[in-house]
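Enquirer: On the provided structure of chain D, position chain A as indicated by the hints.
Residue numbers (full-length UniProt numbering), protein chains in the order written: chain D, 1 to 647; chain A, 1 to 647.
It should be emphasised that the hints constitute simulated quantities derived from the structure, not laboratory data.
Please read these numbers as outputs of a predicted model, since none were measured by experiment.
Beta carbons: idealized from backbone N, C-alpha and C, even for Gly.
Relax, there's no trap hidden among the hints.
Which stretches of chain D does chain A cover? Using the computed rule of at least three CB atoms under 8 Å from a CB of chain A, they are:
1) 285-295
2) 310-321
3) 381-387
4) 531-543
5) 605-614
Listed below are the simulated BS3-like cross-link pairs for lysine-lysine, each with C-alpha atoms no more than 30 Å apart in a straight line:
6) D:Lys293 x A:Lys384
7) A:Lys152 x A:Lys116
8) A:Lys384 x D:Lys384
9) A:Lys152 x A:Lys190
10) A:Lys393 x D:Lys293
11) A:Lys344 x D:Lys618
12) A:Lys618 x D:Lys344
13) D:Lys384 x A:Lys293
There are 2 protein chains.
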Amino acid sequence: MQTTQVHIRDKFWEDYSELVRRTVIPYQWEALNDRIAGAEPSYAIRNFRIAAGLEQGEFGGWVFQDSDLYKWLEAVAYSLRNQPDPELENIADGAIDLIGQAQHDNGYINTYFTIKEPGNEWTNLYEAHELYCAGHLIEAAVAYAEATGKHKIMDIACRFADLIDTLFGTGENQKRAYCGHQEIELALVKLYHATGEERYLNLSRYFIDERGSSPSYFTQEWERRGRTGIWSQGSPNLEMYQSHLPVREQTAAVGHSVRAVYMYTAMADLARLTNDASLRAACERLWANTTRKQMYITGGVGATHLGEAFTFDYDLPNDAVYAETCASIGLIFWARRMLRLEAKSEYADVMERALYNNVLGSMSKDGKHFFYVNPLEVWPEASKRNPDKHHVKPIRQKWFGCSCCPPNVARLLSSLNDYIYDVSAEGNTVHVHLYIGSTVQFTSLEGQEVTLSQRSELPWNGKVDFNVSLAPGNANGAAFTLALRVPNWFQSGQPVLRVNGVVQEVTVNNGYAHINRLWSEGDTLEWLLPLETKLIEAHPQIRADAGKAAIQRGPLVYCVEEADNRAPLASLYIAETAHLTEREAPHLLGGCVVVEGDGLVADGSAWPEDQPYQPIRKTRNPVRFTAIPYYLWGNREPGEMSVWLRN
Amino acid sequence: MQTTQVHIRDKFWEDYSELVRRTVIPYQWEALNDRIAGAEPSYAIRNFRIAAGLEQGEFGGWVFQDSDLYKWLEAVAYSLRNQPDPELENIADGAIDLIGQAQHDNGYINTYFTIKEPGNEWTNLYEAHELYCAGHLIEAAVAYAEATGKHKIMDIACRFADLIDTLFGTGENQKRAYCGHQEIELALVKLYHATGEERYLNLSRYFIDERGSSPSYFTQEWERRGRTGIWSQGSPNLEMYQSHLPVREQTAAVGHSVRAVYMYTAMADLARLTNDASLRAACERLWANTTRKQMYITGGVGATHLGEAFTFDYDLPNDAVYAETCASIGLIFWARRMLRLEAKSEYADVMERALYNNVLGSMSKDGKHFFYVNPLEVWPEASKRNPDKHHVKPIRQKWFGCSCCPPNVARLLSSLNDYIYDVSAEGNTVHVHLYIGSTVQFTSLEGQEVTLSQRSELPWNGKVDFNVSLAPGNANGAAFTLALRVPNWFQSGQPVLRVNGVVQEVTVNNGYAHINRLWSEGDTLEWLLPLETKLIEAHPQIRADAGKAAIQRGPLVYCVEEADNRAPLASLYIAETAHLTEREAPHLLGGCVVVEGDGLVADGSAWPEDQPYQPIRKTRNPVRFTAIPYYLWGNREPGEMSVWLRN
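The shape of chain D in the complex, shown without the other chains (with noise of 0.2 Å):
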């Protein structure tokens, strides 16, 4: 496999992971360390203290709480890999020191099990979260380890993922159970690259391929327990934990949104890496299903904050929405593993736009405020008084209130050089997927060095450029095919490309434009996706955006703001030509483009006091409406928002 080295140089993203390096990863530090004034104690040091003997307590919050701690380690790792930073990487090391001595001697960690139940470990794998924990903690140990080369915490994840799998397997003295809440089986395959262990990889996929099969472990489980729970009432809810049929027989997206992503993407990997077909038809099936049918045209995924789950096909409530922050990133980890199965544009267009959309809009600009919820309609009042409406609300939240979203961004932001390329095992072909300005450093063919720099403007200019660096006296080019993905939002034609400004004639193929050279130093290839901004239509069967449109330009969607125009939102349209046009907004949310468009409003000034209905008169004043990205939404005064326009 190539080693490539991926470093992002662009504006619009260094400011969002200076921004997690210099405030989301110290500010959820002194969270952890139940430092905030005027914060619910997040408890996750103190249960790590505790467990370790170092203090006497209780144990604090909920029982997946240390996996706060690990979550916040790989988001460090990351940060440290960009941006060496010596003092954080010392409270990194104490943090690790501390895991380490809470740590069993047979390698059990979990502090809830430790302080609060210690001999009914692994008793409750529906609810107990205990490999949810350990996969956290795999995965900061396989990001700390390659960040810095440090190995400590690396074995202290071996060592717990080797006694997880001594005891869960098909063998005779192993329990045949998997976790409640999927993560350890793609932190596995991670522990698998890393290590080069197969057992790692032989483990996850053991998991992936228990679950699901009857007699249901969670319910022989609860049967068991005198079918008592921790939280949960009545029977378990096996639809709800994708466990109701193994997992290649799934054909629909159910259940809690998180753990159906996460599970996708184990199955994604196993698939590639076992070369197994009929998971991967599952991959895909489940793919088409969760994208075409139960996705937000930002990115969002899950109708219904009841279980934070997937509901049903075409079900896409915009006001009702659940679409949490961490199951659009869990989409993009999905959407990247697809990718590696297969080059298909399809993959990166949805990573690309639940990035752009749902997970940046769920955090201010200032980094310390997240939306768990991401809505495509707000009505504040509505949020306050009517309850099906409490979950959405029209201002983020302080993100030390409860701790899962946040840590989520700064690991995906902090990470996001792992999303942009695919160099080919050979060197041969370059895929990029994602225009974000960044130097790819890889080997080719034929053992030339090669940078890649690229320069985009995205996503307010469809301007990209790369250029070609060989190393110091490579007189010979290097062979590759640059593979340029033409992004579904782009629908005027063929883009141009120039190299060396002569324009070149490109195939594309699965979503790619291919051009396959041999490189020069200094070459130039300008790849140029004009914008332009679009009204989009939903698919008939999307009830709830009928007789709707949205405004998108390049990536990013649009929505209106109460700030804007007049509320209610509801009362506008969009005229029949909608003359939009676009305008740069400098001082406007940090610099941004904004559209504005003909509307209509209906006027009702003239409606009687007395009357809430009244034979139709369909009076409606022109308007002239304003747009904002949809990311930006929320970060001025609280009012109204609507994704989708009447038209």
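Expert: Same frame as chain D, but now just chain A:
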């Protein structure tokens, strides 16, 4: 006060009262006796037998289970008043004997406390419904005594009411409390009317005046119980039970909608009987809020299933709606009392709207299936697979599953004769609120016996006529004003009024056309309100209806169903010029008038299978759509339904 006798003679409505008499009442008696195979037992009769010492066993059903028997008795009483039935009366007498046997020596009756929590009477007014059940006993007693002339149940009820009167009030040894579920307040007013005893009126007023005083009785009681409850958790939700403020300070309908409208009903009674200006002002304020800002076009109220409650102004989602049948019935109770406060047509308009749409729609044509929730938009798959919509049923349920709404429908439809006319105390004005074929007998100012016969072709034709009949030998005629409501759906100028074939000038006052004359035997009056099919739009603040129109013809709101139109109904638009036509369909759903119109339907055929979102094409094909009266929806194969159509 005038004693008027009203008899309904109207095919449309007699079909319903006969359905209640022949089907609903006998069926429910079987249910109350746990004799319906396959249905959940009611336990109501069994609870009374146990409380009476006739049987051993545990209490069964809800804490308010007694009220089911009382509501059944009340419906029986109205039915006997319309149509004597010795066998039914005999059964009812037996039930009354049983109630008497369950009564304590001090007058107390409540089988829950007698069986399950003896000694804990009156310790949980927030939840335990003791006064609520007493209220339904009183309503049944008043109705039964009036219908049959038998006083046994009145004696039982009065003994209980007298006990309550000694226990509750501002006196030294009295409890300053009120019920968690308002009902006794309106019942005590009826008891006052039936007995002439002012203390019942005063007790009703006491409960209304005490409600919402500070500190809250409910909170104090909860503290005394050690913060425990029968089903609710946490501290009492005062707003949910309309006890957050003194009633005179309440300005908007909040909380559980049935509790709210039952309370407002009593408030309107008390405002009139005690000439209480501030209470009347509160009623008018709450009426305006409820019916102008929180009422569906079908007369449904209550926008959320969480708490079966009101939410806030203009929040009227069509698909996540509650619009409970009982709440619309309570709204009709309230409207009836507002009409007695002041004969303004808006009260009757709402009464008619709720009756012809939400209430009639709640019952199937066979009288054995009922909706509790009356949605304005149904997607059956969402009801099944999106937990936010599990409460919205696409088909009526067997009525004995939970029995709060069905007996309410039965008692309303059997007592509809009380809702048609108001004859002034002096006999000089007859207000006609509803156009339902009927006769009303009253004594005119000069002491003449008058029988006014109404014939009506509503809801299918807007043709009403009246015939005056005087006592034999009366040659002087009778002078009185006939005040005919001009319905708010009639908006085609002045209605035509002819007396003995001659068109009369009429003056309209408070929405009633007044015609004052000396009426002679055989005088006829024709009142023509030609029905026009109209497209209706909602107030622009009602976001859920923006960009949509509903169809209304006379009092009937229409809807489209999948049985007549292609799903998804969300793809259907009313054409710019709708060309609405009406067609009699004598064999459809028992006979009705259907409305047809020109529509456009989004063409989903060319959608690329792999794209949920596409640049807009707005391909719409012409179609002729069919709408049926809303009250008839859901009587064919289950499918989508929608009241509001895009336009």
